[in-house]
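Undergrad: Sequence:
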Amino acid sequence: MILIGGQESALEAGTWSSLWQKIYISQKNSPSKFRYLSPNHLQFELKLRTAIVDAAKALNRSGVQFETFEDSHCNPRYWNLNSKGGFELREDVTPAEGIRDIFVNGPLYGFECATAMVIVLYKGVLDSIQEQDFNRLFAGLLLYDWHYDSDLRLIEKFGVESFPGDVRYFKNPQVNPEHMEWQGENTIKIEEDLYYGHGIGIVPSRAIIRELNRKRIPGSTVSAYLTDQVIHPDFLYLSQFEAGGMGVGPDMIQQAFMQNGGIASRIGRRRYLHI
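Heads up: the sequence shown runs through residues 109 to 383, numbered per the working numbering.
Don't take each hint at face value.
What the hints assert, rightly or not - With a straight-line cut-off of 25 Å between C-alpha atoms, the simulated DMTMM-like cross-links for lysine to aspartate or glutamate are:
1. Lys130 with Glu300
2. Lys165 with Glu286
3. Lys130 with Asp336
4. Lys165 with Glu350
5. Lys265 with Glu286
6. Lys265 with Asp342
7. Lys279 with Glu205
8. Lys165 with Glu120
9. Lys141 with Glu120
10. Lys165 with Glu239
11. Lys192 with Asp209
12. Lys279 with Glu264
13. Lys130 with Glu350
14. Lys141 with Glu264
15. Lys130 with Glu120
16. Lys265 with Asp336
17. Lys141 with Asp342
18. Lys136 with Asp336
19. Lys165 with Asp336
20. Lys165 with Asp253
21. Lys141 with Asp336
The hints are simulated quantities; they were obtained by calculation from the structure and are not laboratory data. Since we're looking at a predicted model, the values are computed, not measured.
Generate the whole structure from the sequences, applying the supplied hints.
TA: Dropping the structure here:
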């Protein structure tokens, strides 16, 4: 069920894109409650989810390579490679320029799957808010594993429904120690049972599980599997930076969060939502 301002949604979605309609109908027909402050809040979420899906498809086409941290590489015109395999944005480059170059000059880049997820999320946000706000929010950008700027506002949930644009994780509990880079696969949900995994491509869940199972210890009896973890940006928080945005404040954001039945905690840069 979708609630907008406390009332069940009666929006006419017939002119929306097919992906917007799929997400909207899935939420509307769900027994769970999805609360929005306004139609604009809902539409921004649909916009950002679509942008994340588009970014995942674009990264898949870009020619970037799957590499371990030890073998990571980047375009030195835009990024400095640090000793851990992270990419530090050059001082003469804006965050928007740095992110866009990965999609333009993909063959110059190599990184592992967690970094790929953060890059996709940044690109989705870049395509959804005003560029000057993106550059201000994410100044001094570092791309490394699950390191991300606090203004990306990732929220982690467990055991809830997921939708296109969410990050989902496939775990490989009996991975071969000689192939620890395959202990799991971070993915972007593209549509129902279709995921983008860096180094694997855009495939159904069974194909990701099959690939991970090839990297198990000899004699393994436990298959890789899709976990119940769901990660996505804080759509309401980021909506304030959209052109003509809602102008939401911290109190409104916290109130909407608690209305969803959430109990919040924070570890490092990540918020946890328990429902």
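Undergrad: So if I understand the rule, the pair passes when the alpha-carbon distance is 25 Å or less; does Lys130 with Glu120 pass?
TA: Given that 25 Å is the threshold and the Cα spacing comes to 13 Å, the pair holds.
Undergrad: Does the alpha-carbon distance linking Lys165 and Asp253 stay inside the 25 Å limit?
TA: holds (20 Å)
Undergrad: Is the Cα-Cα distance between Lys165 and Glu239 25 Å or less?
TA: holds (21 Å)
Undergrad: With the threshold set at 25 Å, check whether the alpha-carbon distance from Lys141 to Asp336 stays at or below it.
TA: holds (18 Å)
Undergrad: So if I understand the rule, the pair passes when the alpha-carbon distance is 25 Å or less; does Lys265 with Asp336 pass?
TA: Given that 25 Å is the threshold and the Cα spacing comes to 8 Å, the pair holds.
Undergrad: Please work out if Lys165 and Glu120 have their alpha carbons no farther apart than 25 Å.
TA: Given that 25 Å is the threshold and the Cα spacing comes to 28 Å, the pair is violated.
Undergrad: Is the straight-line distance between the alpha-carbon of Lys130 and that of Glu350 25 Å or less?
TA: Roughly 23 Å separates the two Cα atoms, so the pair holds.
Undergrad: Given the hinted pair Lys265 and Asp342, is their Cα-Cα distance within 25 Å?
TA: holds (12 Å)
Undergrad: Below or equal to 25 Å on CA atoms is what counts here, so check Lys130 against Asp336.
TA: Between Lys130 and Asp336 the Cα gap is close to 21 Å, so the pair holds against 25 Å.
Undergrad: CA of Lys192 to CA of Asp209, is that 25 Å or under?
TA: holds (21 Å)
Undergrad: With a cut-off of 25 Å on the C-alpha distance, tell me whether Lys136 and Asp336 pass.
TA: The hint holds at about 21 Å.
Undergrad: Measure nothing beyond the straight line between the CA atoms of Lys141 and Glu264; if it is 25 Å or shorter, mark the hint as holding.
TA: holds (17 Å)
Consistency with the previously given hints fails for numbers 2, 5, 7, 8, ordered from lowest to highest.
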